[in-house]
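Trainee: With the hints as your guide, set chains B and C onto chain A.
Protein chains in written order, with my numbering: chain A, 1 to 278; chain B, 1 to 278; chain C, 1 to 278.
No wet-lab data here; the hints were simulated from the structure.
Which residues of chain A face chain B? A few of them, derived with a C-beta cut under 10 Å, are:
1. 38
2. 40
3. 41
4. 116
5. 247
6. 249
7. 253
8. 255
Even glycine gets a Cβ: it sits at the ideal position worked out from N, Cα and C.
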Amino acid sequence: MDTTIGKTTGTWINHDRIAESLAHLRERRPLVHNITNFVVMNFTANTLLALGASPAMVHAPEEVQAFVAISGALVVNIGTLDSAFVMSMSLAARQAVATGIPWVLDPVGAGATAFRTRTSLDLLALAPNVLRANASEVLAIAGTSGHMSKGVDATISSRHAVEAARHLARASRTIVAVTGAVDYVISADHGVAIEGGSPMSQLVTGTGCAATACVGAFLAVEKDPVLAAASGLAVLKAAAAIAARCAEGPGAFQSALLDALHRVSRDDLAEHVALRSV
Amino acid sequence: MDTTIGKTTGTWINHDRIAESLAHLRERRPLVHNITNFVVMNFTANTLLALGASPAMVHAPEEVQAFVAISGALVVNIGTLDSAFVMSMSLAARQAVATGIPWVLDPVGAGATAFRTRTSLDLLALAPNVLRANASEVLAIAGTSGHMSKGVDATISSRHAVEAARHLARASRTIVAVTGAVDYVISADHGVAIEGGSPMSQLVTGTGCAATACVGAFLAVEKDPVLAAASGLAVLKAAAAIAARCAEGPGAFQSALLDALHRVSRDDLAEHVALRSV
Amino acid sequence: MDTTIGKTTGTWINHDRIAESLAHLRERRPLVHNITNFVVMNFTANTLLALGASPAMVHAPEEVQAFVAISGALVVNIGTLDSAFVMSMSLAARQAVATGIPWVLDPVGAGATAFRTRTSLDLLALAPNVLRANASEVLAIAGTSGHMSKGVDATISSRHAVEAARHLARASRTIVAVTGAVDYVISADHGVAIEGGSPMSQLVTGTGCAATACVGAFLAVEKDPVLAAASGLAVLKAAAAIAARCAEGPGAFQSALLDALHRVSRDDLAEHVALRSV
Chain A
1 MDTTIGKTTG TWINHDRIAE SLAHLRERRP LVHNITNFVV MNFTANTLLA
51 LGASPAMVHA PEEVQAFVAI SGALVVNIGT LDSAFVMSMS LAARQAVATG
101 IPWVLDPVGA GATAFRTRTS LDLLALAPNV LRANASEVLA IAGTSGHMSK
151 GVDATISSRH AVEAARHLAR ASRTIVAVTG AVDYVISADH GVAIEGGSPM
201 SQLVTGTGCA ATACVGAFLA VEKDPVLAAA SGLAVLKAAA AIAARCAEGP
251 GAFQSALLDA LHRVSRDDLA EHVALRSV
Chain B
1 MDTTIGKTTG TWINHDRIAE SLAHLRERRP LVHNITNFVV MNFTANTLLA
51 LGASPAMVHA PEEVQAFVAI SGALVVNIGT LDSAFVMSMS LAARQAVATG
101 IPWVLDPVGA GATAFRTRTS LDLLALAPNV LRANASEVLA IAGTSGHMSK
151 GVDATISSRH AVEAARHLAR ASRTIVAVTG AVDYVISADH GVAIEGGSPM
201 SQLVTGTGCA ATACVGAFLA VEKDPVLAAA SGLAVLKAAA AIAARCAEGP
251 GAFQSALLDA LHRVSRDDLA EHVALRSV
Chain C
1 MDTTIGKTTG TWINHDRIAE SLAHLRERRP LVHNITNFVV MNFTANTLLA
51 LGASPAMVHA PEEVQAFVAI SGALVVNIGT LDSAFVMSMS LAARQAVATG
101 IPWVLDPVGA GATAFRTRTS LDLLALAPNV LRANASEVLA IAGTSGHMSK
151 GVDATISSRH AVEAARHLAR ASRTIVAVTG AVDYVISADH GVAIEGGSPM
201 SQLVTGTGCA ATACVGAFLA VEKDPVLAAA SGLAVLKAAA AIAARCAEGP
251 GAFQSALLDA LHRVSRDDLA EHVALRSV
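Bound-form chain A, shown alone:
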């Protein structure tokens, strides 16, 4: 699976390039500032540590701006949002944009309630470098769905959100990463599909949030947001495939996913993840 993608558009994404980004990440160990939800804070922090980054969860309005300033990237995830967290997210995102710190938005449950959709749109207007979402959330944000999401879980295939993602990428000047059985990283004019992983990821809470955090970690070391997003998603898919080989159930899988993430190699990427242009 050693295809190189997107050369004509100035981006080239293949297993070697992703492995190189991963080596940079592990060497530089970037500080990743997360304003995320209560459900996944522990798992997200452990995911980032296993990947090779240095995570911090910081949400107080007294310090989010100062903390963004010392971080390599910012991850904003609205999973258990309330008005105080949304204010902190907004402060942090504005600071990130003002000072050139890359950031990624995870609009958990957009479409499930008006509050989530509106908050997602407000944060998207602050220009995240990457929007990482499931298909239901992408459709809700793009406004192209009559479709109702089921709480925070996607009810449709990521494939069905690729066109909406392209629309969003153009309208919002961001990269849209739609994850599912196949992940898609979509920019205004090209895209990458990432195949692999394990259906067992759906049985563990926060694997989508972990994907967002991985994208954030790569944004801290890789300027091209398409490559950063593809790297984060590909590395996590490779780890999931490795973890699924020996896990008897979702409890063992969650633990094995961290173990695999800590040691995933260039060969693992080539063996477990396929990349193609879309």
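Mentor: Showing chains B and C alone in chain A's frame:
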């Protein structure tokens, strides 16, 4: 252990009936809305996913009512309560009752402080379909204890709270599920004892909260709250018994509990759980 | 490694004395009140359960004082602080001091932002029995660093903070426990170094917070804060060493650490932990 219980009162609970409810739950994959404590949010979500439900943790006053409306059941757990969460719990519970969404209350630590006891009584007045608690909490809420709880852990056997549970069930028109080494599901005029499980459950935080969440998931697919509560508790006890067989300690047990919950079968229920009338 | 330390200063710390404290802890099962961060609440509670204590996470201003009053010790950790939590921490700490309940402070990320440094100093002024921190945090609080911490992770060796810890211990009349590859428990006039553990602890979020919680649990059963702190840190280091022997990665290690903590023995302490005066 194939006894059928409660036929004379119109309820019949046996392993087959519980297995049938579990099959419905796995097939329908109900959305379960949780307003729960920070300690167990991750474990509760993973418990619900392993069981076959779709969990969401949502607490903002801007959206709890809208979220209840799209959910199959509501779980309210006061473990790390503060005044903002209590307001959200009250809003959500009122909405659930108004629209016929079943809900379950977990009064964590009732009796440990006046704030917890008062909040528990206020929420109980909103008529949960099931109250799931340990023996200390049931005695505190029933007002029949001179007895002091030890923080959030029960200090007495569930058996000693059966009479208080019966009193509460009659006074509050709810089903009371008292959990411990033996679980009891008590209605105004009958009751079921559920035996099995593992003492290792006491070494993992949130297994009581997980029991409440399982009851909530079954309430979403089963109209009879006695059967729903018994099903949730029996399935979790069977999973605990399976998990304890191979776990060397509480860390391994927590993980194995999720694995077992994901695959628990009718035969597992019959092998690991005994049901009897009380 | 059966050295006895500190006899000349009235304190004697060796493997037997630590094993005795651990036996007391397991027998008395003290209630430990935690006001801690969202990232580690679950892992901290499971750590305390595995150790043999009874954990509770309680932060509402309506009840923190009442809860301190029924607890054996208080653990205050500022990891995901905001102004509401800081107020609760202050209320609880004042109550602890007023009623003679021992407490331990974990100033997570002191030095990373002015808000964290200031909050740490404000809480330190309330006279915790033990301050448990990493080297970066100790230097920031002692005001002896031009040095910048990296988020919440230490960037320097614990050894380099021993002098600052001694200064702090004298100025603040507290015991300072600096943790890292080697842990140091420093009082105004003597100190203990604790060697052992595993570098894998740095790959799991909240192992520092778990150390603080273990110190808190021992404070509930052991009057000498130097012995309590050394016991908490030594037992956790022994468990980490045992866990690392079989864990293939950080996911397995986190789980194995709880298993090991649950069964760590006097012989394990002697085999895996070295104690020396500093």
